[in-house]
Amino acid sequence: MKKTTITLCIICILVSGCADKNYLEKMSIVTGIAYDKGEENLLRGTLSILQFDPASPNISHIITGENDTTKGIRIHADREASHEIVMGQLRVVLYSTALAENGLLSLTDTLARDPNITDLLYLTIAKGEAGKLLQPESTEGAPTPGNYIQRLIEKNVANEQLPESNLHKFNHDLYDIGIDPVLPLLDIEEEKTKVYSVALFQDDRMVTALDPDMIFYLLLLKNPYRKGKLQLSLDAEDFKDYIREESYEENKDTPLDIALQQIRSSSTFHSRKGEPAKQTVRISLKQRLLESTLQLHFQDEQLIKKLEQAIEEEVKEKLEEFMEILKDHETDPIGFGKRYRSAHGKNLLNDEEWRSRIKDLDVTFEVNVELQRYGIID
Amino acid sequence: MKVNVTLSKDVKVNALYIFFLVHTLQVGAGIMTAPRTIADEVSPDAWAALLIAAVYVHFIAWIIIKTLRFYDNADLAGIHADVFGKWIGAMLTLLFTGYIFLILLSVMMNYIEVVQVFIFPSLPTWLVATFILTLAVYGVSGGFRVVTGIAFLLFFGAIWLTFTIAEPIRLMEWNHFTPILQQPWENIFRGAHKSVYSLLGIEVLFFVYPYILNKDKVGRYAHIAIIATISILILVTVASIGYFSQDQLKHTVWPTLSMFKIIHYTFIERFDFVAVALWMAVILPNITLFLWIITENLRRLKNIKPMYSMIATATFLITSTIIIDTRQTITRISEWASLAGLWLVFIYPVFLFLVVSLSFRFRKKRSSS
Numbered sequence: 001m002k003k004t005t006i007t008l009c010i011i012c013i014l015v016s017g018c019a020d021k022n023y024l025e026k027m028s029i030v031t032g033i034a035y036d037k038g039e040e041n042l043l044r045g046t047l048s049i050l051q052f053d054p055a056s057p058n059i060s061h062i063i064t065g066e067n068d069t070t071k072g073i074r075i076h077a078d079r080e081a082s083h084e085i086v087m088g089q090l091r092v093v094l095y096s097t098a099l100a101e102n103g104l105l106s107l108t109d110t111l112a113r114d115p116n117i118t119d120l121l122y123l124t125i126a127k128g129e130a131g132k133l134l135q136p137e138s139t140e141g142a143p144t145p146g147n148y149i150q151r152l153i154e155k156n157v158a159n160e161q162l163p164e165s166n167l168h169k170f171n172h173d174l175y176d177i178g179i180d181p182v183l184p185l186l187d188i189e190e191e192k193t194k195v196y197s198v199a200l201f202q203d204d205r206m207v208t209a210l211d212p213d214m215i216f217y218l219l220l221l222k223n224p225y226r227k228g229k230l231q232l233s234l235d236a237e238d239f240k241d242y243i244r245e246e247s248y249e250e251n252k253d254t255p256l257d258i259a260l261q262q263i264r265s266s267s268t269f270h271s272r273k274g275e276p277a278k279q280t281v282r283i284s285l286k287q288r289l290l291e292s293t294l295q296l297h298f299q300d301e302q303l304i305k306k307l308e309q310a311i312e313e314e315v316k317e318k319l320e321e322f323m324e325i326l327k328d329h330e331t332d333p334i335g336f337g338k339r340y341r342s343a344h345g346k347n348l349l350n351d352e353e354w355r356s357r358i359k360d361l362d363v364t365f366e367v368n369v370e371l372q373r374y375g376i377i378d
Numbered sequence: 001m002k003v004n005v006t007l008s009k010d011v012k013v014n015a016l017y018i019f020f021l022v023h024t025l026q027v028g029a030g031i032m033t034a035p036r037t038i039a040d041e042v043s044p045d046a047w048a049a050l051l052i053a054a055v056y057v058h059f060i061a062w063i064i065i066k067t068l069r070f071y072d073n074a075d076l077a078g079i080h081a082d083v084f085g086k087w088i089g090a091m092l093t094l095l096f097t098g099y100i101f102l103i104l105l106s107v108m109m110n111y112i113e114v115v116q117v118f119i120f121p122s123l124p125t126w127l128v129a130t131f132i133l134t135l136a137v138y139g140v141s142g143g144f145r146v147v148t149g150i151a152f153l154l155f156f157g158a159i160w161l162t163f164t165i166a167e168p169i170r171l172m173e174w175n176h177f178t179p180i181l182q183q184p185w186e187n188i189f190r191g192a193h194k195s196v197y198s199l200l201g202i203e204v205l206f207f208v209y210p211y212i213l214n215k216d217k218v219g220r221y222a223h224i225a226i227i228a229t230i231s232i233l234i235l236v237t238v239a240s241i242g243y244f245s246q247d248q249l250k251h252t253v254w255p256t257l258s259m260f261k262i263i264h265y266t267f268i269e270r271f272d273f274v275a276v277a278l279w280m281a282v283i284l285p286n287i288t289l290f291l292w293i294i295t296e297n298l299r300r301l302k303n304i305k306p307m308y309s310m311i312a313t314a315t316f317l318i319t320s321t322i323i324i325d326t327r328q329t330i331t332r333i334s335e336w337a338s339l340a341g342l343w344l345v346f347i348y349p350v351f352l353f354l355v356v357s358l359s360f361r362f363r364k365k366r367s368s369s
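The listed protein sequences correspond, in order, to chains A and B.
Here UniProt numbering is used: position 173 in the first sequence is 173, and no number is missing along the way.
Here UniProt numbering is used: position 104 in the second sequence is 104, and no number is missing along the way.
Just so you know, these hints were derived from the structure itself, not from any lab.
Some hints here could point you the wrong way.
[Unchecked claim] Here are the simulated BS3-like pairs of lysine-lysine, each with C-alpha atoms no more than 27 Å apart in a straight line: (1) A:Lys3 to B:Lys305; (2) B:Lys12 to B:Lys66; (3) A:Lys71 to B:Lys12; (4) B:Lys250 to A:Lys222; (5) A:Lys286 to A:Lys222.
Full structure from sequences and hints, please.
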């Protein structure tokens, strides 16, 4: 018995050497893929690849392929690379605006289906041609452009400048009733890839690019802020009593620009049963002021009240402006429909019904602003 | 055939181990898919369906123990022989054994499919089956105490996976659950019915009862095991419903495993691979215990040596895995096993209890008159 056990153990150890070997040096690790419309309805894929080759100083490579399916592109890419192409480290997928406007479902479906691909992968939209975004001059020390874009988005999501946009979140919102997904919109400028704005969707079809100034309001309604940032322009005329004289005389015609930081927000949505398009949103904002273009007398309590009121009005106005954009494009990234369903009953509203009612959305905003601090000097 | 099993004290185990036996048998392949099948029927109120199922499972466990208490040291084969006679009793025991075989096959096939989809797409099914069954045969050849030991050890090997669910829970959206209890009652009951497959396993009491030393405590540990299973099932189901949107969940084959996809640590980036590999620790007690039940039943019926029946069963199982290889057949086998389980585990014990108690009352009357 003892002999058999020992023999079995030895066999187990020896046999495990027969498993498939994967040498890191012999693999092309794909970190990012960009999809564009190719010629004649074909799909053009650009792969950002990492190759550990001790002999070569260049570890980042680019391969392009053209085919009708995403997996076909991989087969095409295999012809161009001597190394095994592996997708396990895929971090970011970019789609050109032209592709996104035709619907992304057929392209994202394969990502969700493949067990090798992580759910934490970022989906993004390129403002112009997606392939170019994977070929910037500088990657700020990231091994490949794919990793650079991942870090870029990760940081901006953590700093509450962009909505969460990983594969899981996109699929979640896509399949949920009464909410549309959003994805970050990237652009390349002076040979450097950067975040441009946010793309709004109708189901899986991109409908418009949001004005970059409006991202704050999108996020304000989507999630509570923990440490948000905002810059506002107020009318200097209203504050002329509080502005230090020498400062006012010098900048007579400029508006009063203020920068708010450490914004903490909360919002509650209210609606009545049977009226999904008529909703009230109560928003409360707590923040500190860190910069103003004009010298103000911050000791004055009246001024703080007035500032708070002015910010409230400005935020409300911008929110209404934001709602107009949503209504114009019949998209609901906030999930007004979803919130209505969850408040009054899941079977009250279906996807098509809600889509047809978005243009009638009538949302009243009640904003409450509290300025808590204004830096270390008065 | 003797109704009561005579066993020496050194092959018996303490009643505490009933907890590990029942719990590890209940948590198996079912929990990988359970959130989806339950949510399909009754998405926002799945927890209510599971609570109803929990109450019923507790009731069945109580009935089973009540039935066993009529005898000193009998198992299912003994009870069948006692109340139904030699032939019908043997038929019924064989029916039960067939069901155990079916469920063993379905658990193993489901797990192998997951391994093939997630980790080794090119690994042939029969090879994985051979690996698993070699291990199981090795365990079962050690006798009941080794089987119990496997359940005990691997319980601790797998239970910590529950804590990793904290990450998906953090990303849950609570408005998937509101407004509560708006589903029609028939949907909730249908959801409870669907959770059956992941709650099967209390039938093990019928087979291990003779092997327990302190029988008065069997009930306590069986009920604790059911509470543990239900808690984990509710946790996983509620987390999946909150984490996935309703239609997304309908497209996800293994929601429990898909939730692991969002977990990553600095030292291990893709936790889902670890989870799938570790799921072996969840599956193995199932396989060994089921295999032990089959051999034990055959030993009781025809006095077949465990080693022979074990090897024969394992060979038969490996052959079956070669024939069955598509998703559809695996699903169909799971459905059959689920249906058989519903009848044999959740309805039949009530009938058996009535028959046994009637026969005992009848005998008492006859002996007193």
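Going through the hints against the structure:
| no. | hint | in the structure |
| --- | --- | --- |
| 1 | A:Lys3 to B:Lys305 | holds, 24 Å |
| 2 | B:Lys12 to B:Lys66 | holds, 20 Å |
| 3 | A:Lys71 to B:Lys12 | violated, 57 Å |
| 4 | B:Lys250 to A:Lys222 | holds, 25 Å |
| 5 | A:Lys286 to A:Lys222 | holds, 17 Å |
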